[in-house]
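**Student:** I would like the entire structure built from these sequences, with the hints used as guidance.
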Amino acid sequence: MARLPIWLRLAAGATFAFLYVPLAVVVAYSFNDSRLNAEWVGFTLDWYRVLFADQEMLLAARNSLFIALVSSLAATGLGTLAGLAMHRYRPPWLPLLVITPVAMPEILLGVSLLVFFIQVLHLTLGLLSVVLAHITFSIGFVAIIVRARLAGMDESIFEAARDLGANPWQTFRLVTFPLILPAVVAGFLMAFTLSIDDFVITFFTAGVGVSTLPLQIYSMIKIAVTPEVNAVSTLLMLLTLVLVAAASRMDRSFMKGGA
Amino acid sequence: MSRTEDRLSRWAVTAPPTLFLLAFFLVPALIVVLASFQYPGEFGGLAPLADPGDGSEHGLTLENYRFYFSDFLFTEILLRSFLVAAASTLICLVLAYPVAWLIARSPKQHRDLLVLLVILPFASNFLIRVYAWMIILGPQAGLAQAVNGLLGAFGLAPVSLLFSPFAVLVGMVYVHLPFMILPLYTNLEKHDPVLLDAAQDLGANAWQRFWRVTWPLSLPGVFSGSALVFIPVLGMFAIPDILGGTRDMLIGNLIKDQFLGVRDWPFGATLSIVLTLCVLGLAGLAAWAGKGGRHG
Chain A
1 MARLPIWLRL
11 AAGATFAFLY
21 VPLAVVVAYS
31 FNDSRLNAEW
41 VGFTLDWYRV
51 LFADQEMLLA
61 ARNSLFIALV
71 SSLAATGLGT
81 LAGLAMHRYR
91 PPWLPLLVIT
101 PVAMPEILLG
111 VSLLVFFIQV
121 LHLTLGLLSV
131 VLAHITFSIG
141 FVAIIVRARL
151 AGMDESIFEA
161 ARDLGANPWQ
171 TFRLVTFPLI
181 LPAVVAGFLM
191 AFTLSIDDFV
201 ITFFTAGVGV
211 STLPLQIYSM
221 IKIAVTPEVN
231 AVSTLLMLLT
241 LVLVAAASRM
251 DRSFMKGGA
Chain B
1 MSRTEDRLSR
11 WAVTAPPTLF
21 LLAFFLVPAL
31 IVVLASFQYP
41 GEFGGLAPLA
51 DPGDGSEHGL
61 TLENYRFYFS
71 DFLFTEILLR
81 SFLVAAASTL
91 ICLVLAYPVA
101 WLIARSPKQH
111 RDLLVLLVIL
121 PFASNFLIRV
131 YAWMIILGPQ
141 AGLAQAVNGL
151 LGAFGLAPVS
161 LLFSPFAVLV
171 GMVYVHLPFM
181 ILPLYTNLEK
191 HDPVLLDAAQ
201 DLGANAWQRF
211 WRVTWPLSLP
221 GVFSGSALVF
231 IPVLGMFAIP
241 DILGGTRDML
251 IGNLIKDQFL
261 GVRDWPFGAT
271 LSIVLTLCVL
281 GLAGLAAWAG
291 KGGRHG
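These protein sequence lines map, in sequence, to chains A and B. First residue of the first sequence: 1, per this note's numbering; consecutive thereafter. First residue of the second sequence: 1, per this note's numbering; consecutive thereafter.
If you are wondering where the hints come from, they were derived from the structure by calculation, not from laboratory data. Treat the hints with care, since some could be wrong.
To be verified - Now the in silico label distances, taken between C-beta atoms and shown as ranges: (1) R249(A) to R10(B): 30 to 38 Å; (2) G44(B) to E39(A): 43 to 51 Å; (3) E57(B) to V50(A): 44 to 52 Å; (4) V50(A) to L79(B): 19 to 27 Å; (5) G284(B) to R90(A): 16 to 24 Å; (6) I6(A) to P216(B): 22 to 30 Å; (7) F16(A) to P48(B): 18 to 26 Å.
As the list claims (entries may be wrong) - If you want the footprint, here are the derived chain B segments under chain A, 3+ residues with CB under 8 Å: (8) 30-41; (9) 131-141.
What the hints assert, rightly or not - Partner residues aside, some chain A positions facing chain B, computed with beta carbon under 7 Å: (10) A11; (11) T15; (12) Y89; (13) P92; (14) Y218.
From the three backbone atoms N, C-alpha and C, an ideal C-beta is built for every residue, glycine too.
**Tutor:** See below:
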């Protein structure tokens, strides 16, 4: 620590400020008694009152929670299996299938699902199409977290279980699953956070029938910015803060998986 | 344990995620490839592949690709996207390096907390982070007034910070910065401080110790961080959409417009394929460079 020059610490401090000041501005203006996000006028909770009276916003919040819950549960199941498969059986195609949707620019997955849902499945865009899309991009994150956990474990435990006569299902239920559970929960929280935050893929797969919080925020900042956006943003930040803190408590590899 | 049992459990574990991703990732991707060779449908969507018998367009065509190359405008937008991605990556690298270095050289018990401090803002919603800059760069905010006051003092015309290429760049850097910090930190943390001591003993000054020891060793981290910034920026449409002006369109905006605006799906698909090829080329390049960095 002593060998770090002062200018380096200043530069790092400035970057941390760059990361946090904009978010602080959003939170501060959510309590500002003015229609304009320009100067501090006085403290108010009015924008939160406006927010909780906004039926469209409440419906969008309900949709977001429903989509996040269903898609993250499904993605946790499929992603855990994918993580196990990549660790244990190493099918050569699986890492490619799991990682590519995560590594590509989101817009490519968004448009390909849009074309697929409409042209091939003849599906009316709505909750179902959004849920399926969210499962698709979440599987990879869960799989990476679960695989990282498995990679750090001693293989001899599984051999011992087998030697003691456990069949594969018993080995999984009694040995593997309890051991990877923290990673599975972290993966679930990660998938939930990603789903509730997703804008780009939802934008292409939601159609006109269904709105989510990010879609609602987008249309508000495109059309008419009011401090209600600051209020909903502040609450959403609080929610993800809790989720991320919970996930990183559950499993340290979450941090690497999240990167 | 019997062999059938083993095969059964292998299948039970591997098949569900494989089948799901085949259906919802690979098949849609292939459909887009096919769509890029189709005609647009009369009411949006795609024209049929088989002849409907009424003389309307159907089947496969190279028309979309011909159209892409017929007007340099499209290549220009792609090049601009590359330029923005390159600039964002470079700025992220410059901002991220001191932070990553600081975390890597901090006492062990502080590192997790500092990493969490980097992750937290990135965990808040992407649109909120972009929207924050709408406030900060807005015409009524202090920053724009200060800049324009300064410009006015020199007799220059006022500028708009928001809805400009500058705003787009700020947004891109802000949203993607953690993607650069984290892999850099993971790399720098592994460096053995003894190497720097040795370099110092051999008479290297601070700059030489950085340039000849730390920097070359950090190249794999630099490459993976750069890929994590460059690739998403290349396909980004929301940031230019919110912070940019009408002339700051990138390839992502062009693709979005084909699908949701003018509804020319086949041309949108063609643009998606062009973008995919660019990304695959870059990923290959990054993998190759990363390997070279480790051996070199």
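**Student:** Does each hint fit the structure? Answer for all of them.
**Tutor:** Each hint, compared with the structure:
As the Cβ distance of R249(A) to R10(B) is approximately 33 Å, the hint placing it in 30 to 38 Å holds. Look at G44(B) against E39(A): about 46 Å separates their beta carbons, and that is inside 43 to 51 Å. Evaluation of the 44 to 52 Å hint for E57(B) and V50(A) yields a pass: the beta carbon distance comes to about 50 Å. One distance hint, 19 to 27 Å for the beta-carbon pair V50(A) and L79(B), is violated here, with the actual separation near 44 Å.
Hint check: G284(B) to R90(A), Cβ distance near 22 Å, so the stated range 16 to 24 Å holds. For the hinted restraint 22 to 30 Å between I6(A) and P216(B), the CB-CB distance of approximately 25 Å keeps it satisfied. Taking 18 to 26 Å as the suggested C-beta distance range, the pair F16(A) and P48(B) does not conform, at roughly 56 Å. A stretch counts as covered by a chain when three or more of its residues have a beta carbon under 8 Å from one of that chain; for the region 30-41 of chain B and chain A the count is 3, and the coverage holds.
Residue count for the region 131-141 of chain B with a Cβ under 8 Å from a Cβ of chain A: 9. That meets the three needed, and the coverage hint holds. Here the hint on A11(A) is kept, as its CB sits about 4 Å from the closest CB of chain B, short of 7 Å. The beta carbon of T15(A) comes within 5 Å of a beta carbon in chain B, closer than 7 Å, and the hint placing it at the interface holds. Among the interface hints, the one on Y89(A) holds; its C-beta lies about 5 Å from the nearest C-beta in chain B, closer than the 7 Å criterion.
A hinted interface residue such as P92(A) counts as satisfied when its beta carbon comes closer than 7 Å to some beta carbon of chain B; here the least separation is about 11 Å, so the hint is violated. Given hint, Y218(A) at the interface with chain B, holds; its Cβ is 6 Å from that chain's nearest Cβ, closer than 7 Å.
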